[in-house]
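Chains as they are written, first to last, in my numbering: chain A, 19 to 241; chain B, 101 to 565.
Don't read these hints as lab results, they were simulated from the structure. Heads up, the beta-carbon is just placed ideally off N, CA and C, and yes, glycines get one too. You may find that some hints are simply not true.
[Claimed, not checked] Covered stretches of chain B (in silico footprint by chain A; criterion: 3 or more residues with CB under 8 Å from a CB of chain A, positions within the stretch not fixed):
1. 153-162
2. 323-331
3. 380-392
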Amino acid sequence: MTPQRESGDRARFLGRLRERLGRRPAHPHGRPVLRLEGEPPPVAYATPMDDLTMAFCQAAAQLGALVRRTGRDGLPEVLDEALALAGPGPVALTEEPEMAGLEGLLKTRGREVIRPSQGPRAVAGACLGITGAVAGLARTGTLVVDSSRAGSRTVSLLPPVHLALLPATALLPDHGALLRSLDAAALPASLVLITGPSRSSDIELELTLGVHGPGRLLVALLV
Amino acid sequence: MAEFTLERTPLRARTRAALAQPLLRQNLRRVTDRFMQVRAAAFAQLADAEALRATARALRARTLARLPELLEQFADRLLASGAHVHWASDAASARRYIGQVAARHGARKVVKSKSMASEEIGLNRYLEGLGVQVVETDLGEWIIQLADEMPSHILAPAIHKDRRQIAALFGQVAGSPLPEEPARLTAFARARLREEFLSADMGISGVNFGVAASGSLVLVTNEGNGRLVTSLPRVHVAVMGMERLVADLAELDVLLALLARSATGQPLSCYTSIITGPRRPEEADGPEELHVVILDNGRSALLGSEFQEALHCIRCGACLNVCPVYRQIGGHAYGWVYSGPIGAVLTPLLLPASAAAQELPSASSLCGACWQACPVGIPLQDLLLALRRRRPPEGATERLAWRAWARLWASPRLYRWSLRALHALAPLARLPGVGRLPLVSRWATGRALPPLPSRGFRDWWRENG
Numbered sequence: 019m020t021p022q023r024e025s026g027d028r029a030r031f032l033g034r035l036r037e038r039l040g041r042r043p044a045h046p047h048g049r050p051v052l053r054l055e056g057e058p059p060p061v062a063y064a065t066p067m068d069d070l071t072m073a074f075c076q077a078a079a080q081l082g083a084l085v086r087r088t089g090r091d092g093l094p095e096v097l098d099e100a101l102a103l104a105g106p107g108p109v110a111l112t113e114e115p116e117m118a119g120l121e122g123l124l125k126t127r128g129r130e131v132i133r134p135s136q137g138p139r140a141v142a143g144a145c146l147g148i149t150g151a152v153a154g155l156a157r158t159g160t161l162v163v164d165s166s167r168a169g170s171r172t173v174s175l176l177p178p179v180h181l182a183l184l185p186a187t188a189l190l191p192d193h194g195a196l197l198r199s200l201d202a203a204a205l206p207a208s209l210v211l212i213t214g215p216s217r218s219s220d221i222e223l224e225l226t227l228g229v230h231g232p233g234r235l236l237v238a239l240l241v
Numbered sequence: 101m102a103e104f105t106l107e108r109t110p111l112r113a114r115t116r117a118a119l120a121q122p123l124l125r126q127n128l129r130r131v132t133d134r135f136m137q138v139r140a141a142a143f144a145q146l147a148d149a150e151a152l153r154a155t156a157r158a159l160r161a162r163t164l165a166r167l168p169e170l171l172e173q174f175a176d177r178l179l180a181s182g183a184h185v186h187w188a189s190d191a192a193s194a195r196r197y198i199g200q201v202a203a204r205h206g207a208r209k210v211v212k213s214k215s216m217a218s219e220e221i222g223l224n225r226y227l228e229g230l231g232v233q234v235v236e237t238d239l240g241e242w243i244i245q246l247a248d249e250m251p252s253h254i255l256a257p258a259i260h261k262d263r264r265q266i267a268a269l270f271g272q273v274a275g276s277p278l279p280e281e282p283a284r285l286t287a288f289a290r291a292r293l294r295e296e297f298l299s300a301d302m303g304i305s306g307v308n309f310g311v312a313a314s315g316s317l318v319l320v321t322n323e324g325n326g327r328l329v330t331s332l333p334r335v336h337v338a339v340m341g342m343e344r345l346v347a348d349l350a351e352l353d354v355l356l357a358l359l360a361r362s363a364t365g366q367p368l369s370c371y372t373s374i375i376t377g378p379r380r381p382e383e384a385d386g387p388e389e390l391h392v393v394i395l396d397n398g399r400s401a402l403l404g405s406e407f408q409e410a411l412h413c414i415r416c417g418a419c420l421n422v423c424p425v426y427r428q429i430g431g432h433a434y435g436w437v438y439s440g441p442i443g444a445v446l447t448p449l450l451l452p453a454s455a456a457a458q459e460l461p462s463a464s465s466l467c468g469a470c471w472q473a474c475p476v477g478i479p480l481q482d483l484l485l486a487l488r489r490r491r492p493p494e495g496a497t498e499r500l501a502w503r504a505w506a507r508l509w510a511s512p513r514l515y516r517w518s519l520r521a522l523h524a525l526a527p528l529a530r531l532p533g534v535g536r537l538p539l540v541s542r543w544a545t546g547r548a549l550p551p552l553p554s555r556g557f558r559d560w561w562r563e564n565g
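The whole structure should be built from the sequences, with the hints applied where relevant.
Below, the structure written as structure tokens:
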């Protein structure tokens, strides 16, 4: 038997809404509401975006992320930088194809490798989490991580340092370009837009990084 | 846990209490000034902010006009993605359902990310009554949960506390004194709450936007607690006000561009999660069950009324920061979940049976700064005025006085006569004690009578006009 996954009275709930909405047009206050047909036009920004790579680097750096433009052969160097930031401890990797080479690099550096299947406690014990990114948003310096592809939501979240491998070819101008290109019927269980390290200003408005998510974010922008 | 003061303490007493706290007022000024400043900078990045606001308002209006159809689509997509859906007509139905989910999973501990809808239905108290421990995980929300208080600002809930007080609160949790440094205190909260996340049985979140076309939940946080709440526990329950819907991802483009800009002056918040259904086979983590509670709780009464537009709100808090009343008294004085201008509109509408709630629209100068700041262009001052209009005058004397005044000034002759009479009687108002007379004192307290010119405008106009 399949469990009943809907509860409460949908018909009565929506019937009440329909009855109320039928009463009268709703905007007697303020200026007349703009008439809008179809999809809203893309959000227009004040500055143009010619060089996506340059824009991404600037925006991410402004948020406190470290961006390293590199070829595949430069990856060991970026990895060493991330390991130095993270200090000693195991390293969590996602299940993405680009992790294949990294596992060997980490082993030769004497690092234990954690996989998401070992569970959140193991991932939380890693000093560094490494993920791919399905897109980068140039205007905001944002990384887009797909949980289905990564096989995990936590590798980019639990360790105190996050290293993301972002192919420069995956750069898009902004979140609008991303959202408008997605297929609503084929979304992963979790798609997360990561814009800089975790931050909070809840104590006396003083900015602190890494309150729940990673406090350090390193991006290997693969050109 | 702390209780709402709306029904227990009169508005005037609540405002007096707020005005008597120098730290609250000083920090309110800082936080609201800062938010206004960064918001202005973030809006300057848009090519035409006014056009975008008009578009956003049109989108919200269009969504509400089609709300039944969109909700139907949203629920169908959610079910198809493997999520559970509960239609909650009122707070009790929502609480009961969530309590049952907790009981079925034998949940002992719940971690929560900030959700105003869950505060609205009194969820924490209900779950605690069932023996479930509830831990707020937004840093500011955790601080006030430890202090057993209410949020003073929707985005900076603990802004009325200084580092010394926070260190004392955390020190009690730690069992030893902690340094009074925000970075060290934050690190302590991270370590402490991390353990709560890993051991919690259930996560409860709000929803910033629901996407009808995909059945997705969009959650926006800066700290990452929203991601932890929706990734670690084996059950995730999302509480969503029924109006928090967008039709599709293109509409989300517009509203996301406005939400973080209006709230914290960021182009995007640190983490924007788009969640579609529970964990899938290819994922090693994420909740096994996802429950979405769609909440009416009085909202449908606004549909088809002159107040429908109050449901356009996307909860950014921009109207709070610019409001000359909120900037003085902060969130506590409003007495319920929603504060500032939008709170003064929503509270009386969502709590129609509460006489105390009907007083809130008076806590406004009607200056319209809230409307100018609102990213979806809600004409808040018009709604406040309309709410005042529908509130009956207090007592027979006041009713009689207003009626007499209306009669008097409906006649040009009596109007002229009344002005002359007022001019002659004006010096009496300066006599000591007049301002303390019953009825008069309600207007006179805290105000000074401006100096009167030696003759009236009409006389002056006859000679010089």
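Here is what the structure says about each hint:
1. Counting residues of the segment 153-162 of chain B whose C-beta sits closer than 8 Å to any C-beta of chain A gives 7, which meets the bar of three, so the coverage hint holds.
2. Only when three residues or more bring their CB closer than 8 Å to a CB of chain A does the claim for the segment 323-331 of chain B stand; here the count is 7, and the claim holds.
3. For the segment 380-392 of chain B, the stated coverage by chain A holds: 6 residues have a C-beta nearer than 8 Å to a C-beta of that chain, and at least 3 were required.
Hint check: no violations occur; every hint is consistent with the structure.
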